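K.L.:
Protein chains in written order, with the working numbering: chain A, 7 to 706; chain B, 557 to 715.
Heads up, some of the hints might be wrong.
[What the hints assert, rightly or not] Partial list, computed: chain B residues near chain A (C-beta under 8 Å):
#1 Thr590
#2 Ala624
#3 Pro652
[Claimed, not checked] In silico negatives: residues of chain B with every beta carbon more than 12 Å from chain A:
#4 Lys626
#5 Ala670
#6 Gln711
#7 Gly712
[To be verified] Distance windows between CB atoms, simulated:
#8 Pro636(B) with Trp94(A): 19 to 27 Å
#9 Ser622(B) with Val639(A): 43 to 51 Å
#10 Val702(B) with Lys330(A): 48 to 56 Å
#11 Pro253(A) with Pro636(B): 45 to 53 Å
#12 Ala624(B) with Arg377(A): 42 to 50 Å
#13 Pro568(B) with Pro110(A): 51 to 59 Å
#14 Ala624(B) with Asp62(A): 41 to 49 Å
#15 Asn565(B) with Ala385(A): 35 to 43 Å
#16 Leu634(A) with Met598(B): 32 to 40 Å
#17 Pro253(A) with Ala624(B): 52 to 60 Å
#18 Arg685(B) with Leu189(A): 31 to 39 Å
Quick caveat, the hints were computed from the structure, so don't treat them as lab data.
Small disclaimer: the values here were computed from a predicted structure and weren't measured.
The beta carbon of each residue, even a glycine, is placed where N, CA and C say it ideally should be.
Letter by letter, the chains look like this.
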Amino acid sequence: MTSQLKGGQLNRRSFLRTTAAAAGGLIVGFQLPETSRLSAETAALKLNAFVHVGTDDLVTLFIHKAEMGQGTVTSLSMLLAEELECDWKKIRTEFPGVDREYGPNQGVVGSASIRSSWESLRRAGAAAREMLIQAAAQRWGVDRSVCRAENNTVVNTAANTRVSYGSLAEAASKLPVPANVALKDSKDFHLIGKPTKRLDTPAKVNGSATFGIDVRLPGMLYAVIARSSVFGGKMAGLDASKARLIPGVKSVIPVPSGVAVLADNTWSAIEGRRALSIMWNDGPVASVSTRSIFQTFTERTEQPGAVARKTGDGDAALAGAAKKIEAVYAVPYLAHAPMEPLNCVAHVRPDSCEVWASTQGQTAARAEAVRITGLKPEAVQVHTEYMGGGFGRRARADYIGEAVEVSKAAGVPVKLTWTREDDMQQDWYRPASLARFAAGLDADGWPLVWTARVACTPFGGGSRTAVEGVADIAYAIPHIQVEHHAVDPGIPVSYWRSVGYSQNTFFAESFLDELAAAGGKDPLELRRRLLANSPRLLAALELAAGKAGWGRKLPPGHGLGIGLSNNIGSNTVQIAEASVERGKVRVHRVVCAVDCGQAVNPAGVEQQIKSGIVFGLSAALKGGITILQGHVVEGNFHQYDVLRIDEMPAVEVHIVPSQNPPGGIGEASTPGIAPAVANALFAATGKRIRRLPIRVQDLA
Amino acid sequence: MPAVRFTLNGKPQTVDVVPNMPLLWVLRDTLGLTGTKFGCGMALCGACTVHVNGQPMRSCATPISSIAGKTVTTIEGLSPDSTNPVQLAWIEHDVPQCGYCQSGQIMTAVALLAKTSRPTDADIDEALRNNICRCGTYDEIRRAIVRAAEIQRAQGGAK
Numbered sequence: 007m008t009s010q011l012k013g014g015q016l017n018r019r020s021f022l023r024t025t026a027a028a029a030g031g032l033i034v035g036f037q038l039p040e041t042s043r044l045s046a047e048t049a050a051l052k053l054n055a056f057v058h059v060g061t062d063d064l065v066t067l068f069i070h071k072a073e074m075g076q077g078t079v080t081s082l083s084m085l086l087a088e089e090l091e092c093d094w095k096k097i098r099t100e101f102p103g104v105d106r107e108y109g110p111n112q113g114v115v116g117s118a119s120i121r122s123s124w125e126s127l128r129r130a131g132a133a134a135r136e137m138l139i140q141a142a143a144q145r146w147g148v149d150r151s152v153c154r155a156e157n158n159t160v161v162n163t164a165a166n167t168r169v170s171y172g173s174l175a176e177a178a179s180k181l182p183v184p185a186n187v188a189l190k191d192s193k194d195f196h197l198i199g200k201p202t203k204r205l206d207t208p209a210k211v212n213g214s215a216t217f218g219i220d221v222r223l224p225g226m227l228y229a230v231i232a233r234s235s236v237f238g239g240k241m242a243g244l245d246a247s248k249a250r251l252i253p254g255v256k257s258v259i260p261v262p263s264g265v266a267v268l269a270d271n272t273w274s275a276i277e278g279r280r281a282l283s284i285m286w287n288d289g290p291v292a293s294v295s296t297r298s299i300f301q302t303f304t305e306r307t308e309q310p311g312a313v314a315r316k317t318g319d320g321d322a323a324l325a326g327a328a329k330k331i332e333a334v335y336a337v338p339y340l341a342h343a344p345m346e347p348l349n350c351v352a353h354v355r356p357d358s359c360e361v362w363a364s365t366q367g368q369t370a371a372r373a374e375a376v377r378i379t380g381l382k383p384e385a386v387q388v389h390t391e392y393m394g395g396g397f398g399r400r401a402r403a404d405y406i407g408e409a410v411e412v413s414k415a416a417g418v419p420v421k422l423t424w425t426r427e428d429d430m431q432q433d434w435y436r437p438a439s440l441a442r443f444a445a446g447l448d449a450d451g452w453p454l455v456w457t458a459r460v461a462c463t464p465f466g467g468g469s470r471t472a473v474e475g476v477a478d479i480a481y482a483i484p485h486i487q488v489e490h491h492a493v494d495p496g497i498p499v500s501y502w503r504s505v506g507y508s509q510n511t512f513f514a515e516s517f518l519d520e521l522a523a524a525g526g527k528d529p530l531e532l533r534r535r536l537l538a539n540s541p542r543l544l545a546a547l548e549l550a551a552g553k554a555g556w557g558r559k560l561p562p563g564h565g566l567g568i569g570l571s572n573n574i575g576s577n578t579v580q581i582a583e584a585s586v587e588r589g590k591v592r593v594h595r596v597v598c599a600v601d602c603g604q605a606v607n608p609a610g611v612e613q614q615i616k617s618g619i620v621f622g623l624s625a626a627l628k629g630g631i632t633i634l635q636g637h638v639v640e641g642n643f644h645q646y647d648v649l650r651i652d653e654m655p656a657v658e659v660h661i662v663p664s665q666n667p668p669g670g671i672g673e674a675s676t677p678g679i680a681p682a683v684a685n686a687l688f689a690a691t692g693k694r695i696r697r698l699p700i701r702v703q704d705l706a
Numbered sequence: 557m558p559a560v561r562f563t564l565n566g567k568p569q570t571v572d573v574v575p576n577m578p579l580l581w582v583l584r585d586t587l588g589l590t591g592t593k594f595g596c597g598m599a600l601c602g603a604c605t606v607h608v609n610g611q612p613m614r615s616c617a618t619p620i621s622s623i624a625g626k627t628v629t630t631i632e633g634l635s636p637d638s639t640n641p642v643q644l645a646w647i648e649h650d651v652p653q654c655g656y657c658q659s660g661q662i663m664t665a666v667a668l669l670a671k672t673s674r675p676t677d678a679d680i681d682e683a684l685r686n687n688i689c690r691c692g693t694y695d696e697i698r699r700a701i702v703r704a705a706e707i708q709r710a711q712g713g714a715k
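If we strip away everything but chain A, and leave its shape as in the complex, we get (with noise of 0.2 Å):
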């Protein structure tokens, strides 16, 4: 789609098709989102596949991605708007299916969906503006040139008159869809940059907006599956005569995840659930425990691994190093624990299929459906609801595959829900990591070879993900070795906030303060001379520093501590500042700097930027997944704590200008708050965290 709207002509055959399947909604649903969907009718007037204009006036805007809480209904809606000189009051938005027009892998993962829109759905709307001047300009026989657009109108400068967009929406619609359409200067942005309120609140504090979860649909089943408790185990066999007794109860159905129970309420099918008697077959990862685990991490990282950086010439320069500096760093797995949990509604018939959920992967939830139905693509439409978070987790479409599998089994719409427990022990963990760390320092203290060994298990293709964080920093040191060791002890891993930097950042952010104090430098002076050929971090460090009040005298027992990253585009620098008081580590302040490049909704950007603060710190605090004999012990958030409102930090966003094109947002601030506070708690204490989460004994 990119490369069509890139200056590109537009393909309106291929925007009605999209129509078609938009519509399509409106027929089965039962439970609609709030904003009103398209009749087939008036959506024949889509301008593209981002833009109708109603005669009623109204602008709907199809949001091809998805929200999570990262505010991209209204950071798209703003791209859309900003060129298309559209009444902010005037728009609604909609989630559309799956299309290739909206791009190959519709989805939201990497914090990608402003860097990927940037340019698309500006010309979008620049695309639409101009089919409605032109519309105008043939009402008034004028040339183009009299006519600019204004706020949900075309004016006739010449004449001064003006119509409004409704008015022009038919004839609009019925134009060639103009190429290389030129977009605004950024001095003449008068939405993008704005700190704009988010589309999604009101019918987020009412009860109205539509989670996947909250979809219904008439004559359908509740669902919840039995799975084995240890990963990879297998049924052996199944009583199931008890939990056909439990009033409610329908049906019990083996699928292949496990065995569903299907009922008339979703209490029933937990309450059946419990009533089967299942026999597993454990399998082999039933002999895994957290213990083992670190233990083969412990011993591979002894030996050398598969280089995924070498620059310069790591063991030689150890070797002549006047000081080294050895350390070893580890951190567990993690849940996502959103608070929503896991679910899917699926309709399977004998020729089609629909799927409702919320889901960070549309593409992925129908390719699966595809895989279990066998349905051609186009068979098969995926209803984007909101996601009450993700986290990473809901990229993967495993839920919805299985709440397919279960409604073409049982031959109804279906929906499966999965339950905290179910969510806290079958998840695809943040991948537990250890990393031993070797460097040298020049005979004036300022390092001169940093190399590590990092063992965890690498996902998503390569060991990217095992090493993103150590491997690509930006420090300028002379020789930079790391390895890698491929673990895998049958625990499922996947994407989690911000991916390999949410540990590896925490590893070596906290391994370079340990060299700022072996060589007795400043922890700031040290990332000062190191950054000095990256200007954006620097700058970013400078600002971060000045607002946090670096090197000003602090209450008793406070500590500042610097933590920074560079991921998904974006440069991120935080000082936090903390202490240990009455046996427990306390997070005082938090000042981050963020270098986003074009911020297009500060306030957004400083949601998230908190968002991503708050995140990183329910696992540095407190975040642990306990793997015991092949099944995860942790179930509930009274075992998986995370961080509370009494804990939350004051948190200031300074938010670098700058019109550099965007960069990601959404995990720009996790990676970075970990070693903030250990750094501030090393300034407070002078005792080295080197695992997570913190333990207060370790301060000791």
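Here the structure of chain A is known, so what remains is to put chain B in place on it, guided by the hints.
P.N.:
Just chain B now, with coordinates in the frame of chain A:
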């Protein structure tokens, strides 16, 4: 299964379900009021908070049999037009991100303001610390509660 009668969002309601079914699932699955959210099922996260006789309760751990004769208010019944002072303040401060926990946060905040017209930071901590938000909207929640208290006081303390 004896029918359970109670008052729901100001109207009489009768349901005929198994007595131990939690109020949460009665609201969501039986009655189709999906604004109240399932988060943990163990009264640990607060997403399912509703008011029972004016008190905040975790509907996921409240059997329907215990509701007989009582008055239940859900997020849908808080106001007809999102004009409860807490909802107004939530909109003003653009609190929600994903929004999933916010029904529970709002119901808890409304209950706090019903008994405390000028909540301190400590009051807010105490009342809200068992409502989890994974998006990290805690700052905005705190500011919005302070603002909602102002709106409520300006309206003469009416709920």
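K.L.:
Take the hints in turn and mark each one as holding or not.
P.N.:
Evaluation of the provided hints:
1. Thr590: Holds. Min distance 4 Å.
2. Ala624: 18 Å, violated
3. Pro652: 4 Å, holds
4. Lys626: The claim holds: Lys626(B) sits with its nearest Cβ about 19 Å from chain A, beyond 12 Å.
5. Ala670: Given that every Cβ of chain A is farther than 12 Å from that of Ala670(B), nearest at about 18 Å, it holds.
6. Gln711: 18 Å, holds
7. Gly712: 22 Å, holds
8. Pro636(B) with Trp94(A): 19 to 27 Å: 26 Å, holds
9. Ser622(B) with Val639(A): 43 to 51 Å: 32 Å, violated
10. Val702(B) with Lys330(A): 48 to 56 Å: 54 Å, holds
11. Pro253(A) with Pro636(B): 45 to 53 Å: 35 Å, violated
12. Ala624(B) with Arg377(A): 42 to 50 Å: 48 Å, holds
13. Pro568(B) with Pro110(A): 51 to 59 Å: Roughly 54 Å apart at Cβ, these two residues keep to the hinted range, so it holds.
14. Ala624(B) with Asp62(A): 41 to 49 Å: Given about 48 Å between the Cβ atoms, the range holds.
15. Asn565(B) with Ala385(A): 35 to 43 Å: 41 Å, holds
16. Leu634(A) with Met598(B): 32 to 40 Å: 21 Å, violated
17. Pro253(A) with Ala624(B): 52 to 60 Å: 19 Å, violated
18. Arg685(B) with Leu189(A): 31 to 39 Å: 48 Å, violated
Checked against the numbered hints given earlier, the structure breaks hints 2, 9, 11, 16, 17, 18 and satisfies all the rest.
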